[in-house]
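Novice: Dock chains B and C against chain A, hints included.
Residue numbers (our numbering), protein chains in the order written: chain A, 32 to 645; chain B, 244 to 569; chain C, 2 to 457.
These aren't lab readings, by the way, just hints derived from the structure by calculation. One should not assume that every hint holds.
Stated by the list, open to error - To spell it out: a stretch of chain B is covered by chain A in this simulated footprint if at least three of its residues, at any positions, have a beta carbon under 8 Å from a beta carbon of chain A; those stretches are: (1) 328-337; (2) 395-406; (3) 511-517; (4) 523-537.
Where a beta carbon is used, it is the ideal one built from N, C-alpha and C, also for glycine.
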Amino acid sequence: MSTRTPTPTPRLAWITTALALLTGLAAPALASPDEKVIRIPMSTAGPGDLDPVQGSTTYESRVCSTFYETLLEYEYLVRPFKLRPLVLEEMPTVEQDGKLWKFKLRDDVYFHDADCFPGGKGRKMVAADVIYSWKRMADPEYTYENWWLVDKLILGFNEYKDAQGALVDEGKAFDYDAPVEGMRIINDREFEIELTEANQQFAWKLAMFQFSIVPREAVEKYGAKFTRRPVGTGPFLVKSEKDWVVGSGLVVYRNPNYREAFYPTEHMPEDVEAGLTEAAGQQIPFVDRIEFGFYPEAQPMWLEFKGNTLDYTTIPQFALEETISRRTKKLKREWRSRNIHMDKVPLLDFIFRSFNMDDERVGGYTEDRKALRRAFNLAMDWDEMNEALYHGMALAYDGPIPPGLDGHPNNEDHRVANSTRGADYDKAREELRKAGYEIGPDGKAIDFEPIRFYTARSQESNRVVELLQRNFDVVGIKINPVYVDFPTLMDVTNRKKAPMFSFAWGSDYPDAENNLQLYYGPYESPGSNHSNYKNSEYDLMYEQLRTMAIGPERTVHIEKMRDILIEDAPFCGSLARTRVYLTHPWVKNFKPTETFFTYFKYLDVDMDHEDRGE
Amino acid sequence: MWGFIARKLIYNVPVYLGIILIVMLALRVQDPTLMKLGKNATPAQIESVSKSMGLDQPFVIQYFELLKNVVTFDFQEESWSHGGKSVGEMLKSSIPMSLAITVPTLGLSAIIGVCIALVAAYYRGRAVDRVLMIVAVLGMSISYLVYIIFGQFFGAFLPRQALGGENWPFEITGYGPLFLGEGATPMNWVSFYMLPVIIGLIVSLGYDTRFYRAVMVEESSRDYITTALAKGASKPKVIFVHMLKNAMIPIITRVMSTLPFLITGAVLMEIYFKIPGMGFQLINALTNLDFPVIQGFVAVLAAMFILTVIATDVLYALVDPRVRLS
Amino acid sequence: MIRRMARSRAWRKFTRNRTALVATGVIGLYAAIFLTIVGTQITDWAGVTNIGSRQGLQMRVLPPKWPGFLESAGIEQRYDAHDWQVSNLNRLFRKDLESMADPSGELAAVSLGERKLADKPIAELRALNEQLNEQFDAVGEVYDIYDEVNEEHHDLDDAIAKAKEGGDEEELAALRAQIEPLEQRRRDAESQLSTALDAVDEVYEELMPQPTGFGGVVYRFRTMFGSDVLGQSISGRAFYSIKIAFQVGLVVATISVLIGTLLGAVAGFYGGWIDSAVMWLISTLSSIPYLVLLAVLAFMFSGHQYFDNSAEYPELQLVKLYTAMGLTFWVGTARVIRGEVMKIKELEYVQAATAIGFGRFYIVLKHVIPNTFHIMFINFSLLFIGAIKSEVILSFLGLGVSGQPSWGTMISNSKDDLSNYFFWEVGAASFLMFVLVLAFNIVSDALQDAFDPKHV
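Looking at chain A on its own, in the form it has when it is part of the complex (with noise of 0.2 Å):
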């Protein structure tokens, strides 16, 4: 006989089945027979905000990118990644070896209806709308939140802003109409953008969700209830404020005036096994209504997906056991089985312990204050974190730049020639000892005063807290760790007070620059080079870095950049988390990826399915 499925025992069958005849109730079913619906989970509370300018996380970017449109998009199915355009006409045009940059509109692009506009029918688009969304990012209305994206990027854009909160500091309003030297609109279709200097990254920003579209109308006439009541022009639609249920859920609904689009026809080849491919061609979007739900904790969202009741989502770290084997690594049978996918998403990830290089026992640019620093990093073990915390899934690797990008370590064990990491404990007491510490005969160093550690209180840190400090005992490296909320955390960095501290970084765009701009000196705390790393030769070759254009030369460059921060350690690391996502077999045309959100309009779901729960 069969013993593979858990079947129930029948005493506990009976009873439950009784007790289900006797509520007389079966879920509750509120869809419409023939609606598609697509129910994804998001392990967070939600998003904060639905207003493109005062968002900044993945989930703001993955809700957003359901209802607004950038001016270019990924190419859904083409590894590596690939722009195309998506309100444009065809891809901008670039001059002056990426200063100036042209774009041309489609004509075909409506907002949502909605009663902001007169008649209640959305208007076409027009390239007003894109200048104005973006001069949005310089509104102190919105407390810059994304100005970081735009600094120093686009001509006269500075200016504009400062000139701008100038006038709102005097209590008069923000001029929306003021030009910007940089920004010229052509005619309704057409405008173009200059920019402060050759940069080739622009064009990725151009895909974040940021640099949405919204029409002034709607932010004028919802005023702060923008951002609850989005109107934008992408194939998915809010109908009213109560869509958002904060911290539960949110629901958008297919957009029916969507425009003539396809779904794409480029991909890989082992795209067509995958059955991604059978759809080309076909107009999108394909569900009705998308359902996501919010799950702060995860038991929750993954008993859901058991119960077949979530259509796909990403494995919480607890639940990596019971799926995935670890002497394989594929999915085990029991799910293979069930014709449950599995995706592995290497994310553009750079998980680091970072020091302050201002602060006086770890940072410095001595050469004791640089062995004081690699003996932290030999003597973390990514591995054994890897192992304990990830399920082996996930992928130590040196320097900032995580795999997929140029300039990633990519031999067999991702490590480079003057490679610091850990855990070699002999090499760190040696390393102890250059540092001006004596060592024990217990192999401990002596009198290590203990440096503190910052991290976001979470169930992850205390575990990774735990790890670190048993590898550090081995030398006897001594820490004090510091639990503290994330905005604390954030705060405590950015006045330079922390001595050593936890961060992760995701990639905002797959290239290496956006990694390396992390130690660029000009952007110390508050910028983004928490770390306050000044070294005048990396900063001369980040800036030459930015206007280099693709190919080996730059790979090369940016190699050496890797290296210079490995040898001068201003982190430990680092570490690449691989997300792995579980789909079920009645969803179509799911390639999984975090980089980009805008494939909710390509999904389909089966929802005659046998095995979907409602």
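Specialist: Just chains B and C now, with coordinates in the frame of chain A:
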């Protein structure tokens, strides 16, 4: 009667004013704007945020502003972590969600607890009584947390896994997106709230049963019971009719005094079952240092408590007219 | 005072209650553990000893998530554990241990608590490690066969399920005929695999023998409830958590009982405006649920230099928790004491004392409060329970303890393991807490019975 209510109100208003004063002062020990924005915020940012909360005004004005908000139940301030959502809206949406768990739990627990207590009192000192009381003590000694974690696992997850989702009435989490915008139906209530209510019931039954039993035992030693029994009334009738009637006051006190516990106790339930009630929102606001929400919610929670206190007294007076005179 | 109590009839009644005595013993046991932990911490701090409880708790004692007593690990788990052990050892033996002046530090780095590398020359250990690797590689091969058979088995199951649906009886019969031989093959593969794993165990035992003697007893204690995801001892952490529980319980119960008694007695004895003021305070504070109060305090002290700084002042972190509970928990005690004092006030000896001309406050301290001792005692144990249970919930919510083990953090860390059917960590923390709370419940019941039988 109205005089009595008025007296109670007058007595409790200063209490409430005191609470609000303490809370508002405590929340301003560290500058909430700076906590939110970090110490590097630009003056413009600080100004716009404090203005939105009225923090730039003198404390007295802020104090009366908040009182006005509570009295009119109109909180216009915007949440700092949920853009565009006013504190009032959050309150309005979360209060019913909390009440949908607490009220049934409270009511059922009182009814079932009293019934069990009556049975125990009837068989006082015998095996039935002993077993019931041992079970109650054991039940009381298990942490609320453990009840919730295991309750969800055995009450929703395992049976759903075994029978398939369609054959099991309880949802794993208490508030699915399905609920959105469609309005609550009794059916929704059963699938989303019944399990939390059952768990809450199990938690509070231990305490309640013991308490009600003690009440009954005390009542049973009163003279009127002896008299009634001597007059030839049957024991069940005496216990279930005479005694119960006289035990109403302690029962009401108990029910009302459990209400605060249930509201705070529901926090865990709300988090675990994903029900965006008051506790859930408050804890969320705390992790995000969302000052307007914390202030508004605390003010309203305290007001709710005071109201329960007053309601208790009024109920007393209804049950036992002598109270009115004291 | 205590002597008087010990001689009373009520006390004799209490001591006749056997369950209550056992429960008192249990509480005493917990208290002894608490005192030991605090004691070592104090001597550590004073520099007399260097036991360093933290390293002891963070020590690896077993492979990650290893089950505790009675439960034996499954095949997959055993394989993963071996994999973990072998890679740990390989990392050690990859180094040039022979040329090191003193490799003992390196050798100690792989030990699991008291389970250390055998006391043999390095060359011999190295040879044993080679052997271990060989055996482990052999397991890999057998495992592949086992996997294959399992895969076939699943395929067959699926085929049968399909045939059943299709109603094709003939095919179904044919498929069913395959079950038995396949089952046989699976059993064979499984026993083969299990033998291979046993062989690894044998070599491993030789390389890292189970500790004997006192070390063995300690190791058995450490591994009693298995290990958590970092391979740390669950029992060690669960028992260590008694410290926080007692600390919170003692501080909160003491503060609350003292404040409650004092204010209650004063209010009851003096009456008049003092009584009104205390009653007002009582009703004010009981209108704030302590969780709300704690929320306010947590907001107030968030990121505070002293009160939210787990590194330098770990104990001060708990001040807000003490304050929140202390401020709200005393009101119950005060109410009861006030009622009792109002009765005592009318007693003859108090009247007599007043007549003699003793100061009123003196009378309260000397004659009134001692007579409420039993109430204080009962309230103390009830508040103790309340504080412990709240601490667990608050730590779970992240408002309580961080940076040291507590039942709340243990439950919060491992709650998700339920869906892996790994109950040890949640179970150990819940169980230890359950026993303590149960003991306190029984004792306070017995006390109530003995001293205050009429109290509701």
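Novice: Which hints, by number, does the structure contradict?
Specialist: Hint check: nothing fails, all pass.
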